[in-house]
Every structure is written in structure tokens, then in C-alpha cells.
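As numbered in our numbering, the sequence shown has no gaps in its residue numbers, which increase by one up to the final residue, 522.
Hint data in this document are derived by calculation from the structure and do not stem from the laboratory. These figures come from a predicted structure and were not determined experimentally. Be a bit skeptical, because a hint or two may be false.
Claimed, not checked - DSSO-like cross-link-like pairs, simulated, lysine-lysine; straight-line CA separation at most 30 Å:
1) K481 to K183
2) K231 to K498
3) K183 to K468
4) K481 to K451
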Amino acid sequence: MRVRDVGVAAAVVLLAAVCRAQERYVEAPARTVPVIDRVDVVVVGGNEGGMAAAWSAARQGARVMLLNETTFLGGEVMTKDRFDELRQGPKPVTEFSKALLRETNASRYPVVAAELLLEAGVMFLYNTRHGGVLVDEQGRLCGVVTANKAGLQAVIAKVVIDATPAGAVAEAAGARREPWGMETLRVSRPRRSPDRKTREVVEQDVPMTALTWPAINRAEHALRETWHTYASPPFAHAMDFILPAPLAGSSAWTGAELPKTAKLNLGVFKPAGTERLYVLSSAAAVSRAAARALMHPVTLAEIGERVGAAALREARAAALPASGSVRVKTAVPAAGVVPGLAIRQLNEADRPYRARQRETVPQARDAVPVWAEYDVVVIGSGPAGHGAAIAAARGGARTLMIEQAGFIGGSVALGIKGFWRGYRRGFNQEWRGKGEPQYARLLREAKVDVWYHSLAMGAVMRDKAVAGVEVATWLGRGVALGKVVIDA
Numbered sequence: 035m036r037v038r039d040v041g042v043a044a045a046v047v048l049l050a051a052v053c054r055a056q057e058r059y060v061e062a063p064a065r066t067v068p069v070i071d072r073v074d075v076v077v078v079g080g081n082e083g084g085m086a087a088a089w090s091a092a093r094q095g096a097r098v099m100l101l102n103e104t105t106f107l108g109g110e111v112m113t114k115d116r117f118d119e120l121r122q123g124p125k126p127v128t129e130f131s132k133a134l135l136r137e138t139n140a141s142r143y144p145v146v147a148a149e150l151l152l153e154a155g156v157m158f159l160y161n162t163r164h165g166g167v168l169v170d171e172q173g174r175l176c177g178v179v180t181a182n183k184a185g186l187q188a189v190i191a192k193v194v195i196d197a198t199p200a201g202a203v204a205e206a207a208g209a210r211r212e213p214w215g216m217e218t219l220r221v222s223r224p225r226r227s228p229d230r231k232t233r234e235v236v237e238q239d240v241p242m243t244a245l246t247w248p249a250i251n252r253a254e255h256a257l258r259e260t261w262h263t264y265a266s267p268p269f270a271h272a273m274d275f276i277l278p279a280p281l282a283g284s285s286a287w288t289g290a291e292l293p294k295t296a297k298l299n300l301g302v303f304k305p306a307g308t309e310r311l312y313v314l315s316s317a318a319a320v321s322r323a324a325a326r327a328l329m330h331p332v333t334l335a336e337i338g339e340r341v342g343a344a345a346l347r348e349a350r351a352a353a354l355p356a357s358g359s360v361r362v363k364t365a366v367p368a369a370g371v372v373p374g375l376a377i378r379q380l381n382e383a384d385r386p387y388r389a390r391q392r393e394t395v396p397q398a399r400d401a402v403p404v405w406a407e408y409d410v411v412v413i414g415s416g417p418a419g420h421g422a423a424i425a426a427a428r429g430g431a432r433t434l435m436i437e438q439a440g441f442i443g444g445s446v447a448l449g450i451k452g453f454w455r456g457y458r459r460g461f462n463q464e465w466r467g468k469g470e471p472q473y474a475r476l477l478r479e480a481k482v483d484v485w486y487h488s489l490a491m492g493a494v495m496r497d498k499a500v501a502g503v504e505v506a507t508w509l510g511r512g513v514a515l516g517k518v519v520i521d522a
């Protein structure tokens, strides 16, 4: 069932405030970034196109690494709960798409995806976002910076494939985006009824005069259940949308209907003015009507196989840059850097991954945009986090809750909603409700803002005091300033 909601998720005046916030930056001091691998092809994003490209290149002998934002594979089917669409539209005809899409069970799908990549020899990291791009002495793209719980790390590569939702890696590498030209963006997400017996797809046209992380998350939050729901599959961890502004490609497809996957010019996936770079998302240079067809999981996977083969051919004709000739691409604005603030980042704190001897690349002084400013910033949405956020907001503080996953509630959303030890009275009785947790409704009533898919990976410091948090997302890195920061 598809439900059309003509309401909007945010006020235009709030979007204007966000745009003003993004004109400010926080300094990221110069540092070195450890190199974790040198590969032929690096794929950023685990959608069906990115997986297919990685599989295709690796099967033909390339050394491939895939960086996946979530803790499971399948950026279109699994992340957005698009299993119903697999029963409609085109049937798989290529080797990878037939192997992957034979399994439409939500519990098995990501397992099959991981098995296919492992069998092909693809290395992949979960819960990893992009944190920037690498360039050589001539300024040519030669890899990416990763951002995860190990901090910032570098992957040097001959070819980069951007399979993120908005083509943000390509944009950071110098790709040009067509003018936005829209006041609203149509978004959708499937969700379950309060009794979990029915499923509906909810659509909204939300204010989106520019693609900003706060605006994206206001839209995301507006589509979420106000009642308790478990995050067990099938569950939509992210909303679906088609970018109104693609990247300019070396070729373009303007027709309303997408050609057969075997006949589509791959130039639409190569951003104009860039080298050894591909994009596999709705940011590709096709008409917006064709982009919807492109993003069908079957079509995207079959295009991905072709892109992977093309990337391999480019990689074979290129050489990896020598040690000492690679740096992180940085750009400090002439104005707007907030004085007295600096970002302190992790340095291989929890999860080091390195396939060779230690090597580093330099990162010059950089600046990370301020995406928002709050009285209180809470990191983590489990019982401790949502309790702190609700209490702060009820006390009159403008409050942001940051969650790295695509759901809120922590262990409660995963099915653990009973007590074991600890204090069981007061607020614990309120949020727990009579059999069904009420935190989703309480957060909405308290007007707590929520950022999903936001990995806290750095502290904003004013001398020895914490003044905010740096987050890594599929849109890039940004800062949320806060008078008080609560790590939950």
C-alpha cells in the first residue's frame, strides 16, 4: 500500500538557518593519515551497483576494497526494504544479479551478498564512511580517506567507484553537480502499522532547497514510526529518493526511458573533467525519469558489473603512485573558520586494518563545515541516550540526538525491552509504557532532532572543553556544535 502525504517535514525558515550554519567551519589541524591498503579499485558504498562492480573487477583479478556504510550489505534492497520491488520490474540476467537476487529473504540477503564478495576476493569494511579523497602530485584522484571507529585512514587506489547515495565522493574529487533548482524533494519509506500486521509506503514532499544533512534527517525522521517498532529485518533503515541534480557526466542520457543495461553508454557514470572515477547512484548523468529505472536493484546490479569491468581495464593501464607522492585533498576557506575551536580525531583507536607495512599520507590544515548548533548534543540513541535527550529537550534545551545506525532505540529496538538490574521507577516506567516502549513518541513530543547514519568520529575542542562533535556520513564530514555534549 502506498500512502501520499502532502505534508512537509520542516519549515523553510529552518532550512535558511541551516544554510547560514554551513557558512562556518571548524579547523582540523594538520596531521598524517595511516594508509591501510593499496588497491586497484576502491568502491565507496555497498549498494547493489557497488557490490556488482567490486565483484566483477575482483573476479577478473583486481585487488578490490569496498567500504560499506552500514553493518550489512545491500544499500538499495536491504537498507531501504525494497524486497517487494524484486518481484516486479526486470528479471536478473547477468551472473552476479542472478546469484544475488535469487535470495529475497531479508535474513539471508546480506549473507548471500557477503559470500559472493568473499568468494570473488573482495575485501570490505562495514560501518565505514568516506572522509575525503586522496590526490597525487599532479592533483589527480588516487584514493579515498575512510572514516570509521578507527578514525581516519587512507586507501590508495588506481580507480575510485562512488556508490554513495548522492555522489559526494565524486563531488569532493572535483565533479560538477548540475544546479539544484528545487524547493522540495520527494522521499518515501515503507513502514509497519502499530500492530505490525500491515505495511505501507509513505511518501512526502519535503523542503529541500539544498542537499544538507539536517534537512535530509528532518525528512528521514518525518517518515519514521511514532510507535515502537523492532529493527529486525525486513526494516527500512533509510528513506528512498532520486536526486534532482545529477553530476555532469562525460556523456548524458536525456531520454525518459533507460536503454537496456548492455547498451547504456558508460560515460553517464564518469563525471566530466575527472579521471579514473565512476558514479553508481542516481547522481549519474541520466534524465531523472531514467534515474528511477536505473535505481531498480536488478538494473543497478547489472550496470555495476559493466562498470566493474571498465574500472579494471582502467586500473590495468594505470600505476599506483609512489610512496610520498600522495596527500589528502584539503581546502581551507578564506573566511568563516570559527576562532578558538579545533577538531581532535581518533587515530586507529579501536579497529586497525592494515594489509601492508606502515605508511602514512599527509593531511594539511583542513576545515570541516558546521552543519548545526544546539544547546545539547547527545551521541547514541539507546535507553541512556534517548532518556538524556528527552530530559534536556523537556527542560527547554534545543537538543540533537546522533545515531550511527538507521534506527533509534539501541538494544530496545533490537528486541531487549525488559529490565534486568537497575532502577525501574520514574522515567523508566514512562518510556517503557504498558508493554510497548514509547521513546519514539516521547522524542517527537519533546521536539528532539535526530540525525541517523551519523558516526561520531571526532571531538570539537575549545581548549580542554568539548564544544561539539564531528560526524562522518554518506554526505561527507560535518560538525554539530553544542554547549553540552553527552556521550551515551
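Results of checking the hints against the structure:
Of the supplied pair hints, the one linking K481 and K183 holds, its CA atoms being roughly 29 Å apart against a limit of 30 Å. With a C-alpha separation of about 52 Å, the suggested pairing of K231 with K498 is violated against the 30 Å cut-off. With a CA separation close to 36 Å, the supplied pair K183 and K468 exceeds the 30 Å bound. This hinted pair checks out: K481 and K451 have alpha carbons roughly 23 Å apart, not beyond 30 Å.
Figure legend: structure checked against the earlier numbered hints; hints not met, in rising order: 2, 3.
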